[in-house]
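Protein chains in written order, with our numbering: chain A, 1 to 93; chain B, 1 to 93; chain C, 1 to 93; chain D, 1 to 93.
Keep in mind that the hints were calculated from the coordinates and are not lab data.
Possibly wrong hints are sitting among the right ones.
If chains are identical, the list can't say which one is meant, so a pair holds when it fits in one copy or spans any two.
[Stated by the list, open to error] As a list, the in silico DSS-like pairs of lysine-lysine whose alpha-carbon atoms are at most 30 Å apart: (1) Lys8 with Lys62; (2) Lys47 with Lys8; (3) Lys47 with Lys62; (4) Lys47 with Lys13.
Remember, predicted model here, so these are calculated numbers, not experimental data.
There are 4 protein chains.
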Amino acid sequence: MRGYSGDKDNLLKRLRRVEGQVRGLQRMVENDEYCIDILTQISAATKALQSVSLGLMDEHLKHCVAEAIAEGGGTAEEKVREASEAIARLVRS
Amino acid sequence: MRGYSGDKDNLLKRLRRVEGQVRGLQRMVENDEYCIDILTQISAATKALQSVSLGLMDEHLKHCVAEAIAEGGGTAEEKVREASEAIARLVRS
Amino acid sequence: MRGYSGDKDNLLKRLRRVEGQVRGLQRMVENDEYCIDILTQISAATKALQSVSLGLMDEHLKHCVAEAIAEGGGTAEEKVREASEAIARLVRS
Amino acid sequence: MRGYSGDKDNLLKRLRRVEGQVRGLQRMVENDEYCIDILTQISAATKALQSVSLGLMDEHLKHCVAEAIAEGGGTAEEKVREASEAIARLVRS
């Protein structure tokens, strides 16, 4: 059971939409569409992925805190370290 | 004929790989994989999209300059304006 | 007493270095230096600020977890919400 | 004579404002202010620097195109290469 389980359908729906956006990008390239329009669509897909990341991170942090309360530290500390590393990857990507 | 036409196959290959990454993300969610691992994969897909954007932008700018030389301004100026707006979207996404 | 208190001197040292970088940027503009070199220096200052942010965020999250253990939720939940919002601002800036 | 020369006063004013923001950040740390508030101010300073970068990049690209028209390529090509590298640094920072 994962922190995002309650939201799994919504998460899958959003990822399927991103998949559709990326397939749309391939069609744009095949049809020789204008590269500035392609760039705009890539920005939209990137933003959609970022928004999925931010939602997952929020769930993860809530889960860390709930676990810290239930178990009194230990694994929660490790999870915060993982979260900080993931935030750094998010910010730098 | 677009600025990226010479590189169309490579571009399509990279976008198909991103599509595969996004489908992989859906499998990870379906299998309840650990959300930090999902976040790492999202960062990888985001970086791949960014790299496609940077390649397209480079082609666009080369094209602007070539056009400016051939036509002596006019549409080149408009294209630089578009490029600057697209760069702003890239940086802010 | 803040989460970053133990690290206050280090934090101030890093912020003073960023201040020096921004003053250096002003000198570069005054001396009409090449704009690509100025852009490189702005990227360096931006990265330095980001790195300060990531350190502060890590401290904040550790603090949230410690507080959740000590107090059993309540304010910790609110702090996670604040952290998620701050992460979103970081990622989008 | 640089591409941004006409805009030098405005550029300096914006950089002095960023310097003020970074000094404000030092005061916030000295006064033990809440780290989420500090993070918000860092995001503001980062956005201000980014906006300076985007303005400089726009000027640089206009200059590239003008130069390409005047000189017929050569250095313009090299400048586009530099611009693309600087855009990549901007996007990844």
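Each hint tested on the structure:
Taking the shortest alpha-carbon separations for Lys8 and Lys62, both the intra-copy value of 16 Å and the inter-copy value of 27 Å come in at or below 30 Å. Proximity of Lys47 to Lys8 under the C-alpha cut-off of 30 Å is found in both arrangements, the shortest distances being 19 Å within a copy and 24 Å between copies. Within a single copy, Lys47 and Lys62 get their C-alpha atoms as close as 23 Å, and across copies as close as 27 Å, so both meet the 30 Å cut-off. In this assembly of identical chains, Lys47 and Lys13 lie within 30 Å of each other by CA distance both inside one copy and across copies; the values are 15 Å within and 22 Å between.
In terms of the numbered hints stated before, the structure departs from none.
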